[in-house]
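S.K.: Hints given; two lone chains; assemble the complex.
Letter by letter, the chains look like this.
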Amino acid sequence: MSLQVFVLLSVTGLGLAGVYFLIASGLSLIFGLMDVLNLAHGLFFTVGSYATWWVMTRFGFIELLALRFAVAVMVAGVAGLAVGWVTERFFVRRFYGDHVTQILITLGLSIAGVALIGGWFSYDPQTFPLPEIFRRVVVIAGARIPVSRLLILMISVVLLVALLTFLRRTRHGLIIRAGVENRSMVQAMGIDVAKSFTLVFAVGGLLAAIGGVLGAVFFAGVTPEFGLNILIFAFIVVVIGGLGSVEGTALAAVLVGLTQQFVNFFAGAGIGDLTVVFLLAATLLLRPQGLLGEVAR
Amino acid sequence: MEVREDAASHAAPGGAAGGPADGRSAPLLRVEGLHVHRGEAHILHGLDFEVAPNQVTALLGRNGVGKTTTLLSLLGLLPSSGRIEFDGTEIGELPTHQRVQRGLAYVPEDREVFTQLTVEENLRLAMQWPEAAERLPTVHELFPELEKRAAQKAGSLSGGQQQMLALGRALLHPAKLLLIDEPTKGLAPIIITEVVAALSRATADATVLLVEQNLRVAEELATDAVVLDEGQVAWQGPMDRLLTDESLKQSLLGVGRSRTDDGGANVDRDPEDGS
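Residue numbers (the numbering used here), protein chains in the order written: chain A, 474 to 770; chain B, -19 to 255.
These are calculated hints, taken from the structure and not from any lab test.
Glycine included, C-beta positions come from ideal geometry on N, C-alpha and C.
Possibly wrong hints are sitting among the right ones.
Cβ-to-Cβ under 10 Å is the rule here; a few derived chain A residues that face chain B [what the hints assert, rightly or not]:
#1 Glu605
#2 Arg608
#3 Val611
#4 Ala614
#5 Ser657
#6 Gln660
#7 Ile664
List time: in silico DSS-like cross-link candidates among lysine-lysine, alpha-carbon distance up to 30 Å [what the hints assert, rightly or not]:
#8 A/Lys668 to B/Lys229
#9 B/Lys165 to B/Lys128
#10 B/Lys133 to B/Lys165
#11 A/Lys668 to B/Lys165
#12 B/Lys165 to B/Lys229
#13 B/Lys128 to B/Lys156
Pulled out of the complex, with its shape left as it was, chain B reads as follows (with noise of 0.2 Å):
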């Protein structure tokens, strides 16, 4: 497949016009060749794309292009081969623990709470960096249910409460780059809206890869995009100009043929796929 993309602001990796001679930052993240197989299934066809450090990347495309599967490559949870390089060093080999320990933090698509421990007890359990205690203030500032219902058990929390957790859990690692995946799948549209708010609070400064396919909430809050097409690159560049841009919106990401209750265009669905 042809990898297309905005000349102007991003390059393929590696190519001539990438890193830091284009005036933008050198990437905090290198995907190069990423290739990964489930089973007999090949996912991913040798990704390239490039995380910018402080901008918020949408990681687009139909369901079953391979959105899940990148990030649980990335952060070493599925095998994988081809390059990942993390803030100038390769984490490809690495175990999981020792990535996240690098400065990865992860928001899983189905919140991934534990169930059986408490509130309080899934916040602990990611107070294990020293500037948590720090960051735990403004995690109930930001999910203030968190903080009233701290003895709660996380399973008997509604999705919305979950979802919290889950980006709570995440914020108090201090890390460099947030992988958040499906922050707003399955919720009620009020619900959304909070989470956005707070996400766009919490991810102001950040570094993030997000996965999402409601396209109001991806450009609500990101500044540039990477759109996955049958496992690989088919689009790289900033996020205003997919928006703007009609064909380019229908043929990527085939928007326009069904709307979501709060009127966010969702990318399209294939039923047949499944990340």
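Only chain A is shown next, with the shape it has when bound in the complex (with noise of 0.2 Å):
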């Protein structure tokens, strides 16, 4: 393997990961602190990719495209964001230890969500004009890195400080994190956890939301079931990071995108995928908790 070939193939990767992690970071936490098994977290992730391609295709009084870009990550954010508060407050709140029931009305709104931006939209894929800069390509150690992957790669590692430093250095995250470990505790001392839970799904959107605007620009194109396809390799990436634990999600995160792209590379398109279930089914055998979990009380 050239050494172009393997800087090309960590960067995708990493680049990948960014997007997986910025999904499944929230989808940890609301297992982690709620016991919920959200199926509509790949909806955020959709909201996000489509608000994406809508600014970018309509917002066409805003001449530059960067300018038109940042104001579609914003867009995006809020959108998942109101989505999240919007799916715990209206549907999950109600069924809160009714697993059944968070499974079902979780996977009808996924399957909903799907059906809703077909019929309006369309269900084919969808492009949106790039800003100049996502276009160019930098060399690095003699391999053309097309400067989206190291962008994406940034965004994802300044969102993951910025959400271990909510998690660390204010009262709701260290709310959260208590929750996560014993959220009957967190109760016993006088804590209103219940007011986190909201909290923890906004959060959750507005980064998988974010996460969809990467992961349109990493795909080059959006469809409806951006998500839900994405959202299967973000479960393995919480089971393989350990619930709850954001660290452990960021690890899992670019364990399972360097290894998509360089099985895929090397072993043939599809393999990469497989070993993924692979690397599942081996942390479930040898660290049923995940890299960074801890066994649930």
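M.R.: Structure representation (structure tokens):
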């Protein structure tokens, strides 16, 4: 393997890892704190990607594409935040503890979301213009790397740091971390942990939607099933990383992203996806709590 | 089951001699007809008892009689039926956090410190009360280890240190009633002495409902006792009355058949039970 191929696959794999991390981190926190398997999380991702497509194709009055893209990121973030909040407040809240109903409702939302977006816009893949800087390439160790990959990686790292700062430096973050470990004890300290549930859903929606923006750039387009397809890998990342562990999710996202890219390149398209499933099976057999997860109480 | 009690100082809730009329203050906590089911099992069969203010009341009984279940149901961590009147208000329908905001504080049986958080973060989580900042120096004075190990993850502390953290966390709350579940469970004798000394100081003017298997510890800390048997109150009265009556002790607690390493008599353990 030449150095150029290694660098190109590594950067691409890390970019993909960034997309996985953004959708998986919210999913992991939601499950860790609330025991909710949120099958609607892919919808948050799709909402983000379609918000990007919509702004980039309909906001022609903003001529500067880089500025239009910045607006798209903001619109996607707000849309993800809102969809996350609405999902918790109006659909999930009344069914805490009822896992079967939660699964049915979030799966229903996910399917309805695909139908709504497909029916409204189109089921066909949609593309959108990207800022000129995204189309540039830089040469690193002889490899021609698209700048878009580096930007995706950079934005993911910035959001990882922001999320960790929120969790470690704010009182809400402290309550969420404690709640992921032992929700009953947080309540027994007089803290209304349910208030954090809505916040975690909203933050999860925001991160997944930004993941949707970056995913749309990474895969150069959007489809209504976009989030649903990537949700499978997000679940794999969550389980490998350890439920409720943001650091574990980041580590697992890197592992899965790199494995997919390298194995797909060397063993053939599709084999990488299969290898990731083997990684999941190995984790469940050897370390069921995940790389950085704790054994549940 | 017939409830026996020391009629000279206590009476069953709602009884003719209960409440302020018997010369004691009105109870801070009054429990009436408390029933708890866990799955198919009926754990508490209509508990009636009171906790007087500014007293340490020991909740005693063999393993598996429902002592921990009683504390969990008082906190709302287990569903229950019956009446729980705390500080003159019925709290049985309130969610856990609101019961705690009304003045309950809890030290759980297995400490349940947040192992992934540091000692300082565990205490900071409990700093939601306006009085907590004033109380923190007292907590550090009681348990100097907590200040020394502020940056250490709670999961890496010894059992005794975790117990100190669990107690310190609860003491930051200006609670009217401390619910403490087996504070000496699993601790080495030397650590038990340290924890009991700290508890003795910390609870000097407080109202406490204490679950404790080690009778010597209960004797040192408690003034009153409520003894449970088969999910019901079997006896309630002053602690010294229970301790000086050997036949009562034997029949209610089965003590005398086992001794702990530090010489403290343990309430008889039924191997088939689990709290």
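S.K.: Run every hint past the structure and note whether it holds.
M.R.: Okay, the hints, checked on the actual structure:
1. Hint on A/Glu605 is violated. Least Cβ distance to chain B is approximately 45 Å, over the 10 Å limit.
2. The criterion of a C-beta within 10 Å of any C-beta in chain B is not met by A/Arg608, whose closest approach is roughly 43 Å, and the hint is violated.
3. Nearest Cβ of chain B to the Cβ of A/Val611: about 39 Å, over the 10 Å cut. The hint is violated.
4. At about 39 Å, the closest approach between the beta carbon of A/Ala614 and any beta carbon in chain B exceeds 10 Å, and the interface hint on this residue is violated.
5. Interface restraint check: A/Ser657 against chain B, minimum CB-CB distance 6 Å, threshold 10 Å, status holds.
6. Interface restraint check for A/Gln660: the shortest CB-CB distance to chain B comes to about 4 Å, inside 10 Å, so the restraint holds.
7. Interface hint at A/Ile664: satisfied, since its Cβ lies 6 Å from the closest Cβ of chain B, which is below the 10 Å cut-off.
8. For the proposed pair A/Lys668 and B/Lys229, the alpha carbon gap of about 47 Å is over 30 Å, so the pair is violated.
9. Taking the CA atoms of B/Lys165 and B/Lys128, the gap is about 24 Å. The hint holds against a cut of 30 Å.
10. Restraint check for B/Lys133 and B/Lys165: the C-alpha separation of about 21 Å stays at or below 30 Å, so the hint holds.
11. With a C-alpha separation of about 34 Å, the suggested pairing of A/Lys668 with B/Lys165 is violated against the 30 Å cut-off.
12. Under the criterion of a C-alpha separation no larger than 30 Å, the hint pairing B/Lys165 with B/Lys229 is consistent with the structure, at around 21 Å.
13. A distance of roughly 29 Å separates the Cα atoms of B/Lys128 and B/Lys156; the hinted pair therefore holds under the 30 Å criterion.
Hints 1, 2, 3, 4, 8 and 11 from the list above are not met by this structure, while the remaining hints are.
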